[in-house]
Amino acid sequence: MTTSRRTILLSALLASAVQLGGLGFAHADTTLLNVSYDPTRELYKDYNEAFAKHWQAESGETVTIQQSHGGSGKQARAVIDGLDADVVTLALESDINAIVEKSQKINPDWRSKLPNNASPYTSTIIFLVRKGNPKGINDWGDLIKDGVQVITPNPKTSGGARWNYLAAWAWANGQFGRDETKIKEFVGNLYAHVPILDTGARGSTVTFAEREQGDVLLAWENEAYLALDEFGADKFDIVFPPQSILAEPPVAVVDANVDAKGTRKVAEAYLNYLYSAEGQTIAAKHHYRPSKPELVPAADLQKQRELKLVSIDDPIFGGWKKAQPYHFGDGGIFDQIYKPAQ
Amino acid sequence: MTTAPAKAGWRFRQPSVIPGFGLTLGFSLAYLTLIILIPLSGLVWRSASLGWSDFFAIATDRRTVKALEISFGTAFIAAAINVVFGTIVAWVLVRYRFPGRRVIDAMVDLPFALPTAVAGIALTTLYSPKGWMGALLAPLGIKVAYTPLGIVIALVFIGLPFVVRTVQPIIEEIDKEVEEAAATLGANRFQTIFLVLFPGLAPAVVTGFALAFARGVGEYGSVIFIAGNLPYVSEIAPLLIVIRLEEYDYAAATAIATIMLALSFLMLLVINLIQSRTRKRYG
Chain Y
1 MTTSRRTILL SALLASAVQL GGLGFAHADT TLLNVSYDPT RELYKDYNEA
51 FAKHWQAESG ETVTIQQSHG GSGKQARAVI DGLDADVVTL ALESDINAIV
101 EKSQKINPDW RSKLPNNASP YTSTIIFLVR KGNPKGINDW GDLIKDGVQV
151 ITPNPKTSGG ARWNYLAAWA WANGQFGRDE TKIKEFVGNL YAHVPILDTG
201 ARGSTVTFAE REQGDVLLAW ENEAYLALDE FGADKFDIVF PPQSILAEPP
251 VAVVDANVDA KGTRKVAEAY LNYLYSAEGQ TIAAKHHYRP SKPELVPAAD
301 LQKQRELKLV SIDDPIFGGW KKAQPYHFGD GGIFDQIYKP AQ
Chain H
1 MTTAPAKAGW RFRQPSVIPG FGLTLGFSLA YLTLIILIPL SGLVWRSASL
51 GWSDFFAIAT DRRTVKALEI SFGTAFIAAA INVVFGTIVA WVLVRYRFPG
101 RRVIDAMVDL PFALPTAVAG IALTTLYSPK GWMGALLAPL GIKVAYTPLG
151 IVIALVFIGL PFVVRTVQPI IEEIDKEVEE AAATLGANRF QTIFLVLFPG
201 LAPAVVTGFA LAFARGVGEY GSVIFIAGNL PYVSEIAPLL IVIRLEEYDY
251 AAATAIATIM LALSFLMLLV INLIQSRTRK RYG
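Line by line, the protein sequences are chains Y and H.
Residue 300 in full-length UniProt numbering sits at position 300 of the first sequence, and the numbers go up by one each step.
Residue 20 in full-length UniProt numbering sits at position 20 of the second sequence, and the numbers go up by one each step.
Be aware that a few hints might be false.
Stretch-level coverage of chain Y by chain H, calculated; a stretch enters the list once three of its residues show a Cβ under 8 Å from a Cβ in chain H [unchecked claim]:
id : segment
1  : 198 to 205
2  : 210 to 223
3  : 326 to 334
Mimicking DSS-like on lysine-lysine, the simulated pairs with C-alpha atoms at most 27 Å apart in a straight line are [said to hold, decoys possible]:
id : chain 1 : residue 1 : chain 2 : residue 2
4  : H       : Lys130    : Y       : Lys145
5  : H       : Lys130    : Y       : Lys131
6  : Y       : Lys135    : Y       : Lys184
7  : Y       : Lys322    : Y       : Lys131
8  : H       : Lys130    : Y       : Lys235
9  : H       : Lys130    : Y       : Lys135
10 : Y       : Lys74     : H       : Lys66
11 : Y       : Lys74     : Y       : Lys182
12 : Y       : Lys265    : Y       : Lys45
13 : Y       : Lys145    : H       : Lys143
14 : H       : Lys143    : Y       : Lys131
15 : Y       : Lys45     : Y       : Lys285
16 : Y       : Lys292    : Y       : Lys45
17 : H       : Lys66     : Y       : Lys235
18 : Y       : Lys182    : Y       : Lys145
19 : H       : Lys143    : Y       : Lys135
20 : Y       : Lys285    : Y       : Lys308
21 : Y       : Lys184    : H       : Lys66
In case anyone wonders, no lab produced these hints; they're calculated from the structure.
Computed from a prediction, not measured in an experiment: that's the story for all the values here.
Glycine residues also receive a C-beta, built at the ideal position from the N, C-alpha and C atoms.
Use the sequences and the hints to build the structure in full.
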């Protein structure tokens with residue numbers, strides 16, 4: 001028993017030593033760390049490969065890109081607390097703002113440094129329902145019909161879930177003529193139909209698709225397509241509500257880190273290349289909405305439906321700086337929704 | 001042991017025959033300070049930035065109270081279940097020889113080794129209404145996954161080895177002759193178990209309970225998958241801490257953590273007192 005434990009300990013030590021050695025080697029050429037949120041795994045896997053090739057051809061240097069994925073807020077906190085990210089590609093503007101405010105590692109004017117408010121691709125929130133749409137869910141109002149169970153993650157812990165919530169709010173705003181009491185009632189009613197609040201978007205997708213819980217999943221557009229690919233198109237249908245929200249996942253260079261490491265040039269090129277024809281096409285292939293669709297071959301665009309999309313900068317929300325504390329802060333509207341349900 | 005006559009003034013104990021007391025004590029204190037005391041005082045320090053009234057407001061907030069109730073309640077129930085069945089498992093493993101015993105013995109440690117998230121996902125798959133177990137229980141009207149019952153199941157799973165591994169060595173030390181003596185002196189089986197065997201086991205059982213309980217209170221990884229995480233229903237205190245962190249509200253997060261820490265420490269202290277009392281009585 002003791003010998004076997006000792007062997008395990010030894011091999012663990014050995015493994016970590018090898019890993020450290022490996023990191024040392026990686027420093028031979030430029031290494032970028034892209035800290036991103038959950039559903040972008042597949043997108044950046046492809047994009048990193050394309051960019052490395054492009055950079056090699058353009059400058060003759062090799063670049064290795066390391067990826068880190070997790071909940072958007074958690075990732076932002078890791079950067080604030082010292083994770084050595086060169087670039088961040090997160091789900092919410094407010095998460096990057098948090099890095100700006102709490103750590104000053106990103107300059108406050110980051111949003112104007114890249115086109116389209118520093119969002120190279122956008123996305124939206126749509127519905128994923130069981131095959132044949134047995135509960136007849138076609139618009140936001142259908143979500144609160146009797147017997148409908150809605151799967152969406154907790155807006156407190158998930159960036160995607162905040163977009164879900166805001167999309168519902170925007171719809172109700174139009175429906176009830178800006179009457180805030182009625183909007184709150186609708187959104188509260190909607191969350192009364194949510195039996196499980198997962199902590200992240202991926203968790204909700206698994207709950208809906210794999211555990212077969214609920215009748216409708218409020219999902220990122222790209223995540224819904226991924227679920228079709230992953231779990232079989234014969235099991236689910238995608239429903240596009242007539243109106244949804246314009247989700248702008250932003251990207252930024254972490255100024256303090258790239259200046260310390262001397263990687264600013266590559267880091268900026270890395271983000272800029274997202275706006276190139278190749279970057280935009282990769283984004284479209286992964287079911288994001290490219291910010292420059294004119295650069296993308298029509299074949300890769302065809303799946304994307306035209307919807308009425310409300311922006312976070314619309315007066316009903318007044319931008320993230322206002323919407324974040326108002327809706328999702330401690331004691332904000334989302335907390336109030338759950339208060340009476342005691 | 002004979003007590004040395006009291007000498008004038010206070011002084012250290014006579015040097016023991018085992019050398020290195022000063023060195024090892026110094027090392028232990030330094031080590032504990034580095035590993036436990038500094039991080040924990042950092043935690044308390046950070047929550048102290050709140051001031052009493054804010055701290056009190058967070059501590060008495062209904063949502064906080066409810067989350068603490070759920071965390072401590074489910075951990076208590078799970079530890080109680082583990083005490084009963086963990087002791088039986090330990091008993092079987094020590095006392096009987098049967099094929100596959102070593103495999104089962106090794107299996108007990110699996111919850112230690114498994115990443116808790118994996119445990120949570122596996123249990124959720126099993127107990128969700130469409131899963132193997134869940135589908136069997138659903139017609140009976142029993143919902144496990146996405147309810148507090150699911151939390152208990154997850155905590156029973158991760159807590160089992162704590163009980164088995166603390167009780168097992170003690171059972172190994174009880175001689176079979178003790179039982180035989182009890183039998184020859186006319187005790188029935190019931191009396192043998194509760195009057196002869198159990199008193200010797202009690203301190204270990206209490207320790208096992210304390211370990212499983214403490215582990216359960218702080219458990220996050222496996223629980224969030226199976227709990228459903230509805231505020232006031234199945235939202236555990238560690239999740240509330242994560243939610244506060246997501247709001248970049250470090251002070252509130254550390255405040256809840258400090259409350260948990262204080263409650264846990266208090267309970268472990270009480271359990272240790274009970275234990276030393278049982279040890280004195282039966283030891």
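Comparing the hints with the structure gives:
{"no.": "1", "hint": "198 to 205", "in the structure": "holds (count 3)"}
{"no.": "2", "hint": "210 to 223", "in the structure": "holds (count 4)"}
{"no.": "3", "hint": "326 to 334", "in the structure": "holds (count 3)"}
{"no.": "4", "hint": "H:Lys130 x Y:Lys145", "in the structure": "holds (23 Å)"}
{"no.": "5", "hint": "H:Lys130 x Y:Lys131", "in the structure": "holds (17 Å)"}
{"no.": "6", "hint": "Y:Lys135 x Y:Lys184", "in the structure": "holds (24 Å)"}
{"no.": "7", "hint": "Y:Lys322 x Y:Lys131", "in the structure": "violated (39 Å)"}
{"no.": "8", "hint": "H:Lys130 x Y:Lys235", "in the structure": "holds (15 Å)"}
{"no.": "9", "hint": "H:Lys130 x Y:Lys135", "in the structure": "holds (19 Å)"}
{"no.": "10", "hint": "Y:Lys74 x H:Lys66", "in the structure": "holds (25 Å)"}
{"no.": "11", "hint": "Y:Lys74 x Y:Lys182", "in the structure": "violated (33 Å)"}
{"no.": "12", "hint": "Y:Lys265 x Y:Lys45", "in the structure": "holds (21 Å)"}
{"no.": "13", "hint": "Y:Lys145 x H:Lys143", "in the structure": "holds (23 Å)"}
{"no.": "14", "hint": "H:Lys143 x Y:Lys131", "in the structure": "holds (25 Å)"}
{"no.": "15", "hint": "Y:Lys45 x Y:Lys285", "in the structure": "holds (13 Å)"}
{"no.": "16", "hint": "Y:Lys292 x Y:Lys45", "in the structure": "holds (21 Å)"}
{"no.": "17", "hint": "H:Lys66 x Y:Lys235", "in the structure": "violated (38 Å)"}
{"no.": "18", "hint": "Y:Lys182 x Y:Lys145", "in the structure": "holds (16 Å)"}
{"no.": "19", "hint": "H:Lys143 x Y:Lys135", "in the structure": "holds (23 Å)"}
{"no.": "20", "hint": "Y:Lys285 x Y:Lys308", "in the structure": "holds (22 Å)"}
{"no.": "21", "hint": "Y:Lys184 x H:Lys66", "in the structure": "holds (24 Å)"}
Of the numbered hints stated above, those contradicted by the structure are hints 7, 11 and 17, listed in ascending order.
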